[in-house]
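Participant: Each chain is listed here by its residues.
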Amino acid sequence: MSATTIIAAERVGYALPAGVHSVGAVHSVFSCAVNLEIEGEMWTLLASDCAEQPFGIRLPVRSFEAFAIREGDGIHTRAGFVGVERAGGRLVVDCRAAPRWAPSPPDAVLPGFAARVALLSQAASARAWPSSRLMAHDAMRALLGESGALDGVLTGIVGRGPGLTPAGDDVLVGILAVVASPLAGEAGARATQAMRRALEGLVLRTTALSGHMLRQAARGLLGRMPHDLVGALAGGLAADELDCALRRIASTGATSGADICMGVLEAARAFLRSGAYKAAA
Amino acid sequence: MSLRSRSYPNLYKDSVSLMTVSAKLTATPGVEQASVVMATPANVENLAHAGLGEYEARANDLLVAVSGSDDACEEALRLADELLSAKAAAGGNGEAAAQPLTSIQMAVARDPSLNLALISVPGDYAAAEAMKALRLGIDVMLFSDNVPVESELALKLYARERDLMVMGPDCGTAIVGGVPLGFANAVRRGAIGVVGASGTGTQEVTVRVHQLGEGISHALGTGGHDLSAKIGGISMLHGLAALDADPTTKVIVLVSKPPAPEVAKRVLAAAERSAKPVVAVFLGADPASIKGEGVYGARYLAQAADMAVSLAKGGEARAAPIALSNEAQRTLGDIARGMTASQRYVRGVFSGGTFCYEAQLVHAAASVRAFSNTPTDGNPRLKNSVKSQENAIIDMGDDEFTRGRPHPMIDPSQRNARIGEEIADPETAVVLFDVVLGYGASADPTAGLIGVVGAARAGANAAGRQVALVAHVCGTELDLQDRNNVVAALKSAGALVASSNAEAAFWSAAIIAARSGAGP
Chain D
4 MSATTIIAAE
14 RVGYALPAGV
24 HSVGAVHSVF
34 SCAVNLEIEG
44 EMWTLLASDC
54 AEQPFGIRLP
64 VRSFEAFAIR
74 EGDGIHTRAG
84 FVGVERAGGR
94 LVVDCRAAPR
104 WAPSPPDAVL
114 PGFAARVALL
124 SQAASARAWP
134 SSRLMAHDAM
144 RALLGESGAL
154 DGVLTGIVGR
164 GPGLTPAGDD
174 VLVGILAVVA
184 SPLAGEAGAR
194 ATQAMRRALE
204 GLVLRTTALS
214 GHMLRQAARG
224 LLGRMPHDLV
234 GALAGGLAAD
244 ELDCALRRIA
254 STGATSGADI
264 CMGVLEAARA
274 FLRSGAYKAA
284 A
Chain W
14 MSLRSRSYPN
24 LYKDSVSLMT
34 VSAKLTATPG
44 VEQASVVMAT
54 PANVENLAHA
64 GLGEYEARAN
74 DLLVAVSGSD
84 DACEEALRLA
94 DELLSAKAAA
104 GGNGEAAAQP
114 LTSIQMAVAR
124 DPSLNLALIS
134 VPGDYAAAEA
144 MKALRLGIDV
154 MLFSDNVPVE
164 SELALKLYAR
174 ERDLMVMGPD
184 CGTAIVGGVP
194 LGFANAVRRG
204 AIGVVGASGT
214 GTQEVTVRVH
224 QLGEGISHAL
234 GTGGHDLSAK
244 IGGISMLHGL
254 AALDADPTTK
264 VIVLVSKPPA
274 PEVAKRVLAA
284 AERSAKPVVA
294 VFLGADPASI
304 KGEGVYGARY
314 LAQAADMAVS
324 LAKGGEARAA
334 PIALSNEAQR
344 TLGDIARGMT
354 ASQRYVRGVF
364 SGGTFCYEAQ
374 LVHAAASVRA
384 FSNTPTDGNP
394 RLKNSVKSQE
404 NAIIDMGDDE
414 FTRGRPHPMI
424 DPSQRNARIG
434 EEIADPETAV
444 VLFDVVLGYG
454 ASADPTAGLI
464 GVVGAARAGA
474 NAAGRQVALV
484 AHVCGTELDL
494 QDRNNVVAAL
504 KSAGALVASS
514 NAEAAFWSAA
524 IIAARSGAGP
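Chains D and W, in that order, give the protein sequences. If you count the first sequence from 1, position 268 lands on 271 in our numbering, and the numbers rise without skipping. If you count the second sequence from 1, position 448 lands on 461 in our numbering, and the numbers rise without skipping.
Any given hint could turn out to be false.
As the list claims (entries may be wrong) - Stretches of chain W that chain D covers, calculated by requiring three or more beta carbons in the stretch to come under 8 Å of a beta carbon on chain D: (1) 27-33; (2) 128-142; (3) 426-438.
For the record, the hints were derived by calculation from the structure and aren't laboratory data. Note that this is a predicted model, so its numbers are computed, not measured. Beta carbons: idealized from backbone N, C-alpha and C, even for Gly.
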């Protein structure tokens with residue numbers, strides 16, 4: 004008889020409907036993350052030092068390498084439990100008592116915005132994929148109606164570049180993090196809607212993993228990194244923490260963190276300004 | 014020229030792994046272009062534009078495309094297979110899943126004799142892990158950086174109360190009881206103990222001691238901030254006391270940049286109280302300022318090792334001066350005279366931060382001011398770290414070059430490319446660089462370097478320029494990379510290889526002085 008291992012989750016993301024009864028399969032396995040495809044959504048088991056995701060389940064483990072989870076292993080969720088049917092026995096993640104991670108949106112853009120933008124640009128520019136800044140610029144021009152149709156421009160960006168989440172997709176996540184933020188006000192809401200419509204037909208042009216990430220971002224469901232980035236630009240960090248935080252985000256992954264920064268920078272210049280949200284409110 | 018490709022359906026690798034594979038394929042001799050991407054329509058279009066072939070887009074497939082000679086393409090695809098399947102093969106069959114060790118507490122529970130935890134987790138979490146280890150009563154080597162100074166102080170005060178040691182944060186090198194940790198070198202055991210606030214500084218002293226026929230009892234790290242006024246040298250004082258009490262240690266070497274004045278006073282007072290001779294090298298400080306009964310000051314790292322070995326052998330604290338022999342003077346003079354009028358500057362390209370620092374000090378002593386991304390007192394900061402100006406000595410291991418990328422001691426490709434760029438600059442007279450060997454360092458540090466140097470030198474020669482290459486290899490013949498092999502490879506590529514970092518810098522400064530008309 005195969006043994007069952009039960010692990011209590013440390014924390015779950017704010018969008019995770021762990022209580023539903025559904026089935027799926029393991030999509031991909033990495034050292035510190037396991038992606039689960041569950042009825043059209045992508046959930047992620049995260050090692051304890053990974054940044055939170057809206058559909059993330061953080062476990063008190065450093066790595067998944069010893070858990071012998073394989074791509075294609077069956078998944079079932081029910082009543083706050085997530086079961087993984089491994090060859091070596093069932094792994095059950097108990098999410099019932101796990102606290103939810105829910106990011107607090109910044110409520111204003113504090114003075115010093117231009118200096119913070121410059122700091123982020125300095126931290127991220129050298130790290131980003133060389134074409135990322137241009138892609139961000141092109142996407143923003145199209146979004147603001149200054150160039151060709153948005154879906155035509157995004158066709159050339161989705162799935163473009165190196166990485167498991169191609170650089171172009173990371174740039175678009177950065178843009179969505181800004182326009183979907185309450186700080187971007189009504190104009191941001193309209194831009195988010197336009198991006199969501201344009202991306203609907205394009206997510207099949209990228210990897211399944213990245214497509215899920217884009218879909219979630221277009222619904223305003225973003226992980227801790229882009230949330231923190233927008234919060235830091237708005238001025239939510241003390242001066243001595245800001246540089247360190249921006250550099251940490253910009254250095255995430257190979258170029259992913261820096262590519263997201265490129266998108267955030269372009270969108271922030273257009274959609275964020277001191278006091279914007281308070282004024283709109 | 015051939016064009017070859019291989020597709021891996023539904024293979025998912027994280028971005029850093031893909032970048033690493035791509036860099037290794039590109040570095041394969043004979044490969045002209047290599048690309049490792051997910052086969053999305055946009056990337057397939059890019060490959061076609063780059064002349065890397067036309068493919069059917071299947072977004073979830075990993076695609077490897079290479080161009081170059083037949084053999085090189087074949088080798089690159091074989092390498093891609095090996096690298097991309099490495100992790101899967103190591104995935105295991107579930108046996109380990111029964112009881113994975115997921116905490117220090119679990120490890121200590123399984124083996125209560127454990128007495129040292131090596132912690133290497135992101136800085137945000139490192140202090141908490143270190144505190145867990147200290148609470149379990151074990152010493153800590155904290156490899157992680159980006160630990161706030163307040164956390165460092167709290168950890169070290171807690172450790173001091175319990176007679177424990179915190180090596181770090183940002184402690185990259187240690188040898189404890191003959192066990193190398195982090196970036197240590199393979200050295201023989203012996204009578205000399207080291208406490209170092211600098212990783213490569215500790216490496217330089219320990220390998221020099223080995224080369225001089227002596228050995229190392231222990232080499233303890235403190236982390237770079239330990240001798241600041243805020244931390245007060247807590248770890249260095251603990252390390253000094255530990256070596257003083259250690260029966261196998263006969264001579265102690267302290268390695269650091271200049272400590273805060275009040276901390277220096279405290280450390281030197283403790284050194285004077287030690288029953289053993291203590292050699293201190295506070296790089297940048299006047300050795301004459303290091304005083305005390307049985308306490309000896311050295312100016313450079315190699316000299317500290319020389320003095321320690323002499324003391325361990327029952328002699329006086331004596332170090333050979335770092336100077337030019339007549340033969341070296343002639344050789345360097347000939348090289349300098351063979352250069353064109355535009356060649357006036359040194360370009361130092363370092364992977365070891367302390368080597369960069371020491372090289373700047375040696376040049377400054379020869380009145381050669383150099384721009385740097387990590388300038389010593391009196392040297393100007395480089396405006397743009399990726400572009401040298403005039404005399405420039407760069408630390409390629411500094412944070413700005415290593416975010417999201419391996420340190421150049423692990424993957425020297427970025428550093429090699431910079432060396433190539435500097436050779437190609439018509440204003441460059443000398444390219445000065447280090448090659449650091451040892452555990453954790455690149456297994457074949459000259460593999461890419463020789464090709465880059467060869468191509469760049471051929472270009473310079475075609476333009477009528479001879480560029481002097483001056484190198485220092487920090488390592489021993491016992492290291493995996495074997496210092497003798499590395500030195501031979503560098504010499505065959507035309508480099509002058511010095512016996513220490515200070516000597517290499519001295520040679521470089523002599524050439525620059527000659528180019529400005531001041532000798533040798």
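Participant: Would you mind marking each hint as holding or not holding in the structure?
Facilitator: Structure-based check of all given hints:
no.	hint	verdict
1	27-33	holds (count 5)
2	128-142	holds (count 4)
3	426-438	violated (count 0)
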